[in-house]
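All chains should be modelled from the sequences, with the hints used to inform the complete structure.
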Amino acid sequence: MSRIGYKTIELPKGVEVKADGNTVTVKGAKGSLTREISSQIKMTIKGNEVNFEPIGDYNDKVRALHGTTRANVSNMVDGVTNGFKKTLKLVGVGYRAQLKGKNLTLNVGYSNPVEMTVPENLTVEVPDNTTIHISGISKQAVGDFAASVRSVRSPEPYKGKGIRYENEHIIRKEGKTGK
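The sequence shown begins at -8 in the numbering used here and counts up by one.
Warning: the hint list may mix true and false statements.
Pairs of lysine-lysine, DSS-like flavour, derived with a Cα cap of 25 Å [said to hold, decoys possible]:
hint : residue 1 : residue 2
1    : Lys93     : Lys76
2    : Lys9      : Lys37
3    : Lys150    : Lys130
4    : Lys130    : Lys93
Don't read these hints as lab results, they were simulated from the structure.
Structural data, given as structure tokens:
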């Protein structure tokens, strides 16, 4: 039985959830998000509470969809009320980031700078040369873009150089020992 799937979602003030068939739309102070949910999951909205129930046979796939659907809609509600934010740090000599309009330029040890276009639904801030703040209302979009920025130069285990999340701990390896 899915423990997460049966939890109710309490809607804060100012948040409106609508279901049109398998399409769920959540509107709040920061914006609006839309997502398709599985036809094997029934969503009921009563007042300021949203509940999810499986339809038909409760096998492993439906159990997984049940908890995932509830978590996705809960993230949508959190996104339109508070938003999501990820912070990346650039660690390395000469590593720096710049924001020019909607382009993020990364100098991370390659011969040429790496240019990335910021998606429309996200906000990117570069308060100093080695810090990048990515924020938006969609948890998936924020995480995807943060992961793509990190993949430009993932942290390496010997010196710890690279692009890492703010609170990420890199397990360091011992280098060669000279004899």
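### Query
Within 25 Å, alpha carbon to alpha carbon, are Lys130 and Lys93?
Holds, at roughly 20 Å.
### Query
Is the hinted pair Lys9 and Lys37 satisfied, with a Cα-Cα distance of at most 25 Å?
holds (11 Å)
### Message
Can you confirm whether the C-alpha distance between Lys150 and Lys130 stays at or below 25 Å?
### Response
violated (31 Å)
### Pairwise hint evaluation, Lys76 against Lys93, where the allowed Cα distance is 25 Å at most
Distance ~18 Å between Lys93 and Lys76 Cα, so the pair holds.
Against the hints set out earlier in the document, a violation occurs for number 3 only.
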